[in-house]
Amino acid sequence: MAEQTTEHHNPHVEVPNEHIGIPGYLGVFTVLVVGTILTYYVALMDLDWIFPGANTLVALGIAFTKMTVVGLFFMHVRWSPRLVWMSAVGAFFWLSIMFAYTMQDYLTRGTGFFGH
Amino acid sequence: METVGAIETGSYGTAKLNYLNNGSTLKSWLLTKDHKRIAIMYLISVSVFFLMGGLYAATIRLELLTPASDLLETGTYNKVFTQHGILMVFFFLIPSIPAVLGNFLIPIMIGAKDLALPRINLLSLYIYWLGGAITLWALMQGGVDTGWTFYTPYSTTFSNTYVLAVGVGIFINGFSSILTGVNFLVTIHTMRAPGMTWFRLPLFVWAHYAVSLIFVLGTPVVAITLLLVAIERVAHVGIFDPALGGDPILFQHMFWFYSHPAVYIMVLPGMGIVSELIANFARKRIFGYEFVAFSSIGLAVFGFLVWGHHMFVSGQSMYASLVFSFLTMVVAIPSAIKMFNWTATLYQGSISFDTPMLYGLAFMGLFLIGGFTGLYLGALGLNVHLTDTYFVIGHFHYVMVGGQVIAYLGGLHYWWPKMTGKMYSEFWGRVAAMLIFVGFNLTFFPQLILGYLGMPRRYAAYPPEMQVLNIFSSAGASVLGVGLTMPVFYFIHSLIKGKPAPDNPWLLPGLEWRTSSPPPTENFDKPPVVTWEVYDFSDESGLDIEAAKREAAAVNA
Amino acid sequence: MSAHSHSDKFVYHEPGLQHQFDDMGQQEESVSLGMWLFLAQEIMFFGGLFTAYLVMRSKYPLAFASGSNHLDAFLGGANTLVLIVSSLTMALTVYYAQKGNRNMQVGLIVLTMLFGLTFLGIKAYEYTDKYNHGLVPMAGLNRRVKADAPVAEHVGLVLPGETAVSASEAKPGAEPYVNPHGEFQWREYELVQHMMDKQRAEPNGHYLTLNEQLTYSTSPGSLILDKDKFRDKVRIFFYIYFVMTGLHALHMIIGLGIMTWLLWMAYKSTFNAEYFSPVEMSGLYWHFVDIVWIFLFPLLYLLGRHYEHLGL
Ligand code: HEM
Ligand SMILES: [Cu+2]
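Chains as they are written, first to last, in my numbering: chain R, 28 to 143; chain L, 7 to 563; chain W, 981 to 1292.
Isolated chain R, as found in the complex (with noise of 0.2 Å):
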């Protein structure tokens, strides 16, 4: 503790610097690995019975949440500066900005989902 304390802008400060040491990434790392085995076989089923495009869906969560456990664990994000969290999201948030806009245009044209 009293070697951390001296530190006083180390962005790590609170935190051990194992982080969630091995285990903890070897734990991530099966995540990751039944995300990927698991999104694999999903995109074999068809799930239009749902919806049409839940195979999508299901296969974009899938990835976010490898995104996720990749980014606050591998990079560190869950030990990070709030202005480093606010980047990632940030970033995440505008790129929704240019989908949502651009797509408001081809959903309502006249062959858009919504264009009757």
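It is worth saying that the hints were derived from the structure and are not from the lab.
It is possible that some hints are incorrect.
[As the list claims (entries may be wrong)] To spell it out: a stretch of chain R is covered by chain W in this simulated footprint if at least three of its residues, at any positions, have a beta carbon under 8 Å from a beta carbon of chain W; those stretches are:
no.: 1; stretch: 56-64
no.: 2; stretch: 67-80
no.: 3; stretch: 91-102
[Said to hold, decoys possible] Label pairs and their calculated CB-CB ranges:
no.: 4; chain 1: R; residue 1: T57; chain 2: W; residue 2: K1178; range: 34 to 44 Å
no.: 5; chain 1: W; residue 1: N1083; chain 2: R; residue 2: R105; range: 23 to 33 Å
no.: 6; chain 1: W; residue 1: V1158; chain 2: R; residue 2: L53; range: 44 to 54 Å
no.: 7; chain 1: R; residue 1: M113; chain 2: L; residue 2: T203; range: 16 to 26 Å
no.: 8; chain 1: L; residue 1: L32; chain 2: W; residue 2: N1083; range: 44 to 54 Å
no.: 9; chain 1: R; residue 1: I124; chain 2: W; residue 2: P1156; range: 28 to 38 Å
no.: 10; chain 1: R; residue 1: F78; chain 2: W; residue 2: Y1247; range: 53 to 63 Å
no.: 11; chain 1: R; residue 1: I49; chain 2: W; residue 2: E1182; range: 33 to 43 Å
[Claimed, not checked] Which residues of chain R face chain W? A few of them, derived with a C-beta cut under 7 Å, are:
no.: 12; residue: Y52
no.: 13; residue: L110
no.: 14; residue: S114
no.: 15; residue: A118
no.: 16; residue: L122
no.: 17; residue: I124
no.: 18; residue: M125
no.: 19; residue: T129
no.: 20; residue: T138
As the structure is a computational prediction, the values presented were derived from the model and not from experiment.
Ideal placement from N, C-alpha and C gives every residue a C-beta, glycine not left out.
The hints should help you fit chains L and W with the ligands onto chain R, whose structure is shown.
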């Protein structure tokens, strides 16, 4: 608490070590990590591009003196206006204020020794040079004729000019902006001096914070868009070419997603300068500091939500046009907040009309017209009549030249003594400012009328009954040209023969005025500790006005 | 984030501390924020491509599904795993750099690089395969085979430059691969034909989107498949596939360059508990590139798999 003592009286005369005389070899410049030297190199580079863009502009105005396309072939004319736009937008206006004045001043204003990432700063300069060199090479090989907007499928399929090379040049140049933006954001977050809280930051710094957000979040998109155009030209697979199943409107979405926010890159830094000028030359704390600061952030954020107003007649869905039109009206609010606050600051201020302030006031008038014409264009119905006419040209020149360029000149005059340690001729400064103001209005106001009458943009010929207004415009352009050339002369003259500048020529409290002119390499002799509020003209600012006055008097003697 | 404090004390300049900073903490904070902002920039950079993907896929979902089915999802999945392992070794590199354990660092960096190279190798194999089957969207960049070319004996990978027809290529009964000018070719119309027939039988059904009904048909509304028009849409899929994976591969190559430098630094025992931010920053970059692939894999390789049950 110690404060930075204002000025050691008389320090100007002695050959004090400063960033300019600290090493004079070419290597000491080209490999420098000093933000001030990098800023000076940017200053020279953007000036070269401004000059070239200006020559193209002169050519355009010369051609438009007569209704027929007699001076230039129509094909050549297309190249001329395209290259004018590309050089001015990507290589002059976007880097102008941030890379020159922002680079020079942000570290000083927040009391830091340098930007947080000096090597990245130098890298961004080299990237800018590389992108510029490729673009210039392409222009010499034969140029481009697509318009600065690179609309597809003309740019991808039909134009047989050097679209690819120019696209690559601009692509590379984009990373220069991105790195500058990253650097500013980091610096403003981590490098502030003790006591320099967020609400003590000069508004110039806030404006650059906002601009940097756009640099980081917007520029990559235009980079990838131009890359796609380039690949499509080579591969002849069309995601932008309708004949191949692609969608040209997708290009416009991606292009304007960046390029509308980019118009705020091309005005926010100017607004930052004007906030400085208005407050400091009215010697009053700016009215509604927080509002002005947050309106910059507001512009950066909401600026990303309105790009569709460039696409009302493109085939975009009617619903989307309605939404974009509405949001365009909304985004005028932050600009209006600034205008109101500046005006309120002037009220009962003790205003002095030095050259920089003339530019500050000119900005307010011209940006007002620029902003209002923007609202005309943002109104869905009226836009159908006005789009692609000279009204649009008039509009964006009022904001880009009347706004940013004027502010840039104001800032350059304001900080020239600090940057170079020399005073320029106040008389000629005022003459030039007046000429620029008159010349500018004479050039561009007629264009607003011409556009309203229906003169389309991007044609070398026009109906004869429109000649009178076009002659006005060309005449104005020559006045403007003379006005813009004058500073080159008296600035250079000041370097050689100018009086040495005092450390605080305008008797102001900002941090940049509390170090010597020109500043030492690490900006301050002693690390500053800030104990005063921003724009505090009272005695509390810890500034020794009397000493500053004495020094100014000594210089003038 | 708050204004930092200057100490009046004698400033001890730690090795690796740059002159503009007061202490290592400030330096680390700045560098890491800079890296994250750079990654934000990268998100928007790839984001432009994802936007193009989104728009094009929403316009031509079936063409995208058909094209996607032609990618090797097994190899794509394997590559995903390879990258995940490399992310693990990278994370462990940072862990051991913090501990100042030189040998583990060097070993793990070598491993990370090996996995990176494996990824690129598999990618190159896939690209070659596309080249062989006329699936590179740019004319002239595919394997050229004249109409009267001899049929090769061997079965298996066809190397670039080889111009014979390989016996393993075509489905039984299908025409052999002939491509005199190396153009993009598309030969699988069963899926779209099936959907088009169903749509014609049930005009109110949702087998094709309205836009697809217009743009795949010989004339708008005819609901008779125009193969060339459909092929153009599949080519757009492959175009996006190549641009996205190509740009990703470029990032991998840059990453390998960074890792080489890092290896050298680690070899010289540069990093320890006080100074390891270069490892951490390189790690952030490496993980980011991994994350991009985590999205590319399902979006490019998996989206049409569920049509396979139709047995076409
Ligand atoms: C009050 C804020 C503003 C509004 C409401 C506004 C609105 C518009 C609209 C609707 C257009 C599209 C005209 C058309 O092509 O039909 C336009 C064009 C343009 N505006 Fe603005 N604008 C504003 C501020 C600015 C600023 C501050 C700048 C730059 C510093 C700027 C630069 C441009 C440029 C360059 C174009 C033309 C792009 C082209 O087609 O070449 N605008 N503006
Ligand atoms: Cu706009």
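Going down the list of hints, with the structure as the test:
1. Counting residues of the stretch 56-64 of chain R whose CB lies closer than 8 Å to any CB of chain W gives 5, so the stated coverage by that chain holds, three being the minimum.
2. With a cut-off of 8 Å between beta carbons, the stretch 67-80 of chain R has 8 residues touching chain W; three or more are needed, and the interface restraint holds.
3. Counting residues of the stretch 91-102 of chain R whose CB falls under 8 Å from any CB of chain W gives 7; the rule of at least 3 is met.
4. Between T57(R) and K1178(W) the CB atoms are about 43 Å apart, so this pair conforms to the stated range of 34 to 44 Å.
5. A beta carbon spacing of about 28 Å between N1083(W) and R105(R) agrees with the range 23 to 33 Å that was offered as a hint.
6. A hinted range of 44 to 54 Å for the beta carbons of V1158(W) and L53(R) is consistent with their spacing of about 51 Å.
7. Restraint check, M113(R) to T203(L): a C-beta distance of roughly 19 Å satisfies the suggested window 16 to 26 Å.
8. In this structure the supplied range 44 to 54 Å holds for L32(L) paired with N1083(W), their Cβ-Cβ distance being about 45 Å.
9. Separation of I124(R) from P1156(W) is about 49 Å and departs from the stated range, judged on CB atoms against 28 to 38 Å.
10. The hinted window of 53 to 63 Å between F78(R) and Y1247(W) holds, with their beta carbons roughly 55 Å apart.
11. At roughly 58 Å, the beta carbons of I49(R) and E1182(W) sit outside the given window of 33 to 43 Å.
12. Annotation: Y52(R) was flagged as interfacial toward chain W, and the flag holds, the nearest CB pair being 5 Å apart, inside 7 Å.
13. With a cut of 7 Å, the hint placing L110(R) at the interface with chain W holds, because the nearest CB-to-CB distance is about 6 Å.
14. Taken as an interface hint, S114(R) checks out: its beta carbon lies about 5 Å from the nearest beta carbon of chain W, inside 7 Å.
15. A hinted interface residue such as A118(R) counts as satisfied when its beta carbon comes closer than 7 Å to some beta carbon of chain W; here the least separation is about 4 Å, so the hint holds.
16. Restraint check, L122(R) versus chain W: the minimum CB separation of about 4 Å is within 7 Å; hint holds.
17. Annotation: I124(R) was flagged as interfacial toward chain W, and the flag is violated, the nearest CB pair being 10 Å apart, outside 7 Å.
18. With a cut of 7 Å, the hint placing M125(R) at the interface with chain W holds, because the nearest CB-to-CB distance is about 5 Å.
19. For T129(R), the interface hint holds, since its Cβ comes within 7 Å of a Cβ in chain W; the closest pair sits about 6 Å apart.
20. Residue-level restraint check for T138(R) holds (minimum Cβ-Cβ distance to chain W is 4 Å; threshold 7 Å).
Going down the numbered hints, you'll see the structure goes against 9, 11 and 17, while the others check out.
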